[in-house]
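Undergrad: Now for the letters of each chain:
Protein chains: 2
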Amino acid sequence: MSKISKIVYGILILLLVFKPHFSAHLSFLPKPYEDSIVTVVILGILYLIYFLNKREIEKREIEKINLACKIIDLDAKLSDSFTYIGQVNLKLPLLKNLTTDLLIKNKSTIKEKKEVFNNLLSTAVSSIAQVDWGMLRFIETDTGRTLKEYDFTVKDYILLKTQISNKDLVEATKDWDKKLKKIKNINFVTSSDSNFNIRCYLIFPEVKIEENNLEILQVIVDQSQLFYRYLY
Amino acid sequence: MSKISKIVYGILILLLVFKPHFSAHLSFLPKPYEDSIVTVVILGILYLIYFLNKREIEKREIEKINLACKIIDLDAKLSDSFTYIGQVNLKLPLLKNLTTDLLIKNKSTIKEKKEVFNNLLSTAVSSIAQVDWGMLRFIETDTGRTLKEYDFTVKDYILLKTQISNKDLVEATKDWDKKLKKIKNINFVTSSDSNFNIRCYLIFPEVKIEENNLEILQVIVDQSQLFYRYLY
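Order-wise, the sequence lines are chains X and B. For the first sequence, counting from 1, position 134 maps to 133 in numbering that gives the first Met the number 0; every step adds exactly one. For the second sequence, counting from 1, position 72 maps to 71 in numbering that gives the first Met the number 0; every step adds exactly one.
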């Protein structure tokens, strides 16, 4: 309760207690007039009390609304940062998944070597690009010969051989500039090393890829390129 | 303002306005007694108004405190998530830094090849382990011969040749189990592929390494291993 409210209460109490003294000074007025004046003064002060209390409550209501708005704002920020953390937490393990987890495995048999590329490809296709199928093709750029090819399909999807030719792929990446290339309705990403005579191509159906996911696809293709050289 | 407060105000106003009528019914009492009764009743109702207003303001104050506590709680959560995002944002670019950014560079001359390993080593030493110096040593495990060695020192730190021998390193990692090994006051991490006859060792001074940073050091050593095979 504010100081001013307390003062007004005090004045009203004093007025009521000392009313007989005021009455003595107002004795020249007839009794009904005197009573009316006292009633009007008390009503006026009561209105003042009512007004002050209303203002104090309104002040607190406004403060409450401001706090509630701040909570809504913080909630939104927290929700945004949790969404971001969720996305990031999916990507963080990739650092280990695409390197250590593959290097630690036995890679002596053909099947074990194939497993490395299947792992890289399935991550690219199902987790990052989120498409139905994908291929990793290693091409000798001088001759246009396919050295290795690995494919991956989601569920029971039957992969028909793509019509995309090695010549088209090599030609399209001669002047390597942007990362996501397109021929007809096929997307592809190629390894970053444009000087090495073997290049890896990740081929998948046309789909919109966000910039940061494209960066990860590029990392997967580059890891495939490194592992190819490491294993063959 | 609550309904009950408004009713109490109404009763007080009615009492004041209709006071002359009550006085008529109390005419058997002497005037001073009558005035005192009216004053006591008005004071009682005033106290009731004071009490109700105080309660309403206190109710809002408690609601404000609850909201303020919620804000403190949300602020703390937001601060925690920003700290986490800060840590993660330092690690996220590593995925690209340790693969694409290195593969895209020219790597034809000896100097350019050395640059790749200097990049990997400086990330490990200054950003992750946060120590004064570090070495990447490639050892042929059959013969114990050093094939390549790269060193990195922070600022003007002069690196004295470490006393750690290849024999000790190879011996310590024969039964490859845990990632961080120690010989005397030297830490080292070795590449995950225990079957390949060339192994990479990251050697640095003894320091406490957190589990997730150790994972990143492991990734850096494994990338060095892949790049060694790719470039030599």
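Check the hints yourself; a few may be wrong.
Stated by the list, open to error - Pairwise CB distance ranges, derived in the manner of DEER restraints:
hint, chain 1, residue 1, chain 2, residue 2, range
1, X, 60, B, 32, 40 to 50 angstroms
2, X, 88, B, 204, 43 to 53 angstroms
3, B, 204, X, 85, 35 to 45 angstroms
4, X, 63, B, 204, 55 to 65 angstroms
5, X, 60, B, 47, 21 to 31 angstroms
6, X, 84, B, 206, 45 to 55 angstroms
7, B, 131, X, 61, 55 to 65 angstroms
8, B, 131, X, 107, 31 to 41 angstroms
9, X, 64, B, 17, 13 to 23 angstroms
Note that these hints are calculated values from the structure, not bench results. Here a beta-carbon is modelled for each residue, glycine too, at the ideal position from N, C-alpha and C.
Undergrad: Provide an ascending list of the numbers of those earlier hints which the structure does not satisfy.
TA: Hints 2, 6, 9 are the ones this structure does not satisfy, whereas the remaining hints hold.
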